[in-house]
Amino acid sequence: MGFFKKKSYSKLHANSISTSQMMKPGSTNELKINLQENIKRIKDSLGKSSDIIIREIRFGKEESIKAGIIYTDGLTDTTSLQNFILETLMIDINGTELQKKLSPDQNLISVLKDFAMTVGEIKELTNFEELFTGLLSGDTIILIDGYAQGLIISNKHWVERGVTEASAQVVVRGPREGFSENLRVNTALVRRRLKDPNLWMESKVIGKRTKTNVAMMYIKGIANDKIVKEVRLRLDKIDIDGILESGNIEELIQDAPYSPFPTIFNTERSDVVAAALLEGRVAILVDGTPFVLIVPALFVQFFQSSEDYYQRADIASLIRLLRFFAFAIAMLAPALFIAITTFNHTMLPTGLLISLAAQREGAPFPAFVEAIIMEVTFEILREAGLRMPRNIGSAISIVGAFVIGTAAVEAGIISAAMVIVVSITAISSFVSPTYNLAISGRMLRFGFMALAASFGLLGITIGLIALLLHLCSLRSFGVPYMSSIAPFNLSDQKDTFILLPIWKMFTRPRLISQQNIVRQQDSASAKPEPPINKRV
Amino acid sequence: MKKCMLVLLILIPLLTGCWDKRELNELGITLAIGIDKVEGEYQVTTQVVVPSEISMKTSTGRSPVILFQEKGETVYEAFRKITKTSPRKIYPGHLRMLVLGEDLAEEGIAESLELMSRYRELRSDFFVAIAKDRTAEEVLNVRTTIESIPANKMFNSLQTSEASWAATNGIKLDELIASMTSDGKEAVLTGILVTGDQEKGSSKKNVESINPSARIVYDELAVFKKDKLVGWLTERESRGYNGIVNEVQNSVTAISCPEEGKATIEIIQADTKMKGKINKGKPEVDVNIKVKGNVGEVECQINLNDLDTIVELEKITEKQMEETVNLTIETLQKQYKSDIFGFGEAIHRSNPKEWKKLKEHWDEEFAGMTVNVKVDVKLVHTGTEGNSFLEKIEVK
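Line order of the protein sequences matches chains A and B. Numbered per my numbering, the first sequence spans residues 980 to 1515. Numbered per my numbering, the second sequence spans residues 48 to 443.
One or more hints might be untrue.
Unchecked claim - Lysine to any residue pairs mimicking SDA-like chemistry, simulated, CA-CA at most 20 Å apart:
(1) B/Lys-118 to B/Trp-66
(2) B/Lys-50 to A/Leu-1257
(3) B/Lys-68 to A/Leu-1327
Claimed, not checked - Just a sample of chain B residues kept apart from chain A, beta carbon distances all over 10 Å, derived:
(4) Asp-67
(5) Glu-70
(6) Pro-98
(7) Ser-99
(8) Ser-102
(9) Arg-143
(10) Leu-162
(11) Asp-180
(12) Pro-259
(13) Val-292
(14) Lys-309
(15) Ile-363
(16) Ala-414
Think of the hints as simulated: they come from the structure by calculation, not from any bench. Backbone N, C-alpha and C define an ideal beta-carbon position, used for all residues, glycine too.
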């Protein structure tokens, strides 16, 4: 395993830059008493970046107080800075009682904080680490000459995408709103759906350079404490310079990093998060991305769409079964076709055998090569369609349909039946309501095709057994991945392959929330019963 | 290092894979095989499908099947020799018909069937038939229309005639072997023959004409003793046989009306119970046939609205069927001395101890045994009419 040898990164670690490195060597982290010294240090540390604005003002009794106002242009709300800080200090204050108070013999910091600043969130700060974090996330910093303290005023404001329709998980019936890139907006969207005082939120800052805000949400009393603790532990263990998307966190905290199956669910829909929280799961919201992570995630969860619960249960059940079926097709159809046409001919009805054989007359490649050619072509088209600018997309679909559909068959390179199989496979792979499970199926498809080409149905069977063993061995945050099927749980079958009406769902999923299991009382009150024999 | 080994171990089997892979266009799909005995050697004829002629798109009008033929000391040898002439290895996995020549059948069919039951690519669900007055090769050498693959035509018409006429009996390989090896039952096989001019049958002209000069027809049943053909039943006897062994699903039978003219009864359900017993040291078999039928056709003056008429028709039908069945049994007892009905098995089931004594000389016992036949007919419907419109024509 020479080529996988682990390099020692310990030396590199020593060089990793933390905030303290931004300061001059030998200097302490604490603010200095001298304003100029502080300002100089800020300038040196930030390399005179042009979006950092440093404004020095004088105010107070006989304009005796020197202060510096520092903020990041573009991240700070300049209107509120103007109205509530600069105008207050420099104009409104003149001739008032307050001006008298603002004399060097008072503790200016607490006077300013308690009396002068007409903004909501304000904190005192004493060291440069807080200063830089606040400054670079859009807060305004006020430093006063003669004090080794400062004020940090939260008036962040920047241009961002608003709450728009969720585009990755589309529903016909159900709320349209999807999360946006702003963590606060996202937590607000969840809070709006769950007005429960037990909805708790823990905030963390992850990423040494990005300082990404991450929030963990769960309902105290429903979520299993052990799972909450485990999530907290895994998040705290992360030691990385940057988190740009929740996918980074997902990879850093997932249970089975080498498994093709996702053990963490993600969604951009606030109703899905609310429903998950109600089931006792834990949501991890990351600033800068609309995708929220939900743990623990179970295999069947990836086949559930939020729309299932808003529709009639009967149609939702049928559609859910269809999804499982489509997943099996997306994973196995080409493999089965290869196996049956090259090894297990006896399985075909005679008429079909002859008709397939007729199509294969003169076909130059073995079925496996044909399938690989078609599948790879399709994957290329799919990827091209995704990455192309939208207005060129239609050109791709025309060429793709022509290449895959007609030309390959007419040129005699591919047999017509293979085109049907590949198309069915492709369409089936789009049925999955979650993108990441569909990807697992897509990857495994090629493995199964190789197995089918070498061993026929026997190979597929062995592959499926191995896959099943693997799935059963997975766990997501301590919960068996296949749970409610293996380990079997009768009461959770209400929401596994089929879906019972909501008035029959009395309990939360067993293994996720082990405390506070009851959702609603008994069937007598839950089942809707119209007043029969009574005329309204 | 361990991981590396594991990956290699997983990859190694992939290298050995594919050894028995056969693409669809490497198969010589054979739907019918004929076996004859010519000059002391086995002659195997295979009817191989030409797939491109079956498909609508690529069809050029040439024959949809092709015959390959080889001789050999054993069946398997001859079968394998076919690769000398065939571009593709014969794939008999979808075999529908096995046709055995009459000459071979008279000498004994057991040896030629051994391969068929042993060969790993074969399923045992194909029909076996005897080419009457012909060689198997001649039967396979006839082009058919509607079903352009002759093997399919043979398979389908045997299936339908078995189900709705009941004079033929589709015997599959495993049934055949079971009755050949059983002590108390002899084998029958359905006969297949070519009518008309067999010479012209293989050419394209045969299917271009509205009235083909050669046709493949199923005929009566062939009676075996052990594995040797001993004779043929008539059509009436064949139907009698099917009645006794409970193989009638649906059929029609013509009967005489009480006064004059004819009527037809459609049998919609028939159930036969066969019970063997020993009566005063002699074997005896009760055959009870329960038939449910409809009045299918009336070509005489009867009043169907009268329940008595129905009862009378039932009586006539019962009598006629009993006659047919008795005739069949008599033929087998007197002429062929072959227990194709499985009366021996019935005795064996009811009285195993006595059977041990009887089975040594069962052929003689069978020839002389008593068979009590009882037919019970129930007529349930009279079709979409009451009395026939013929009545009104007569009145005028």
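Here's how the hints hold up against the structure:
no. : hint                   : result
1   : B/Lys-118 to B/Trp-66  : violated (29 Å)
2   : B/Lys-50 to A/Leu-1257 : violated (42 Å)
3   : B/Lys-68 to A/Leu-1327 : holds (16 Å)
4   : Asp-67                 : violated (7 Å)
5   : Glu-70                 : violated (6 Å)
6   : Pro-98                 : violated (4 Å)
7   : Ser-99                 : violated (5 Å)
8   : Ser-102                : violated (4 Å)
9   : Arg-143                : violated (7 Å)
10  : Leu-162                : holds (17 Å)
11  : Asp-180                : holds (29 Å)
12  : Pro-259                : holds (23 Å)
13  : Val-292                : holds (28 Å)
14  : Lys-309                : holds (41 Å)
15  : Ile-363                : holds (44 Å)
16  : Ala-414                : holds (43 Å)
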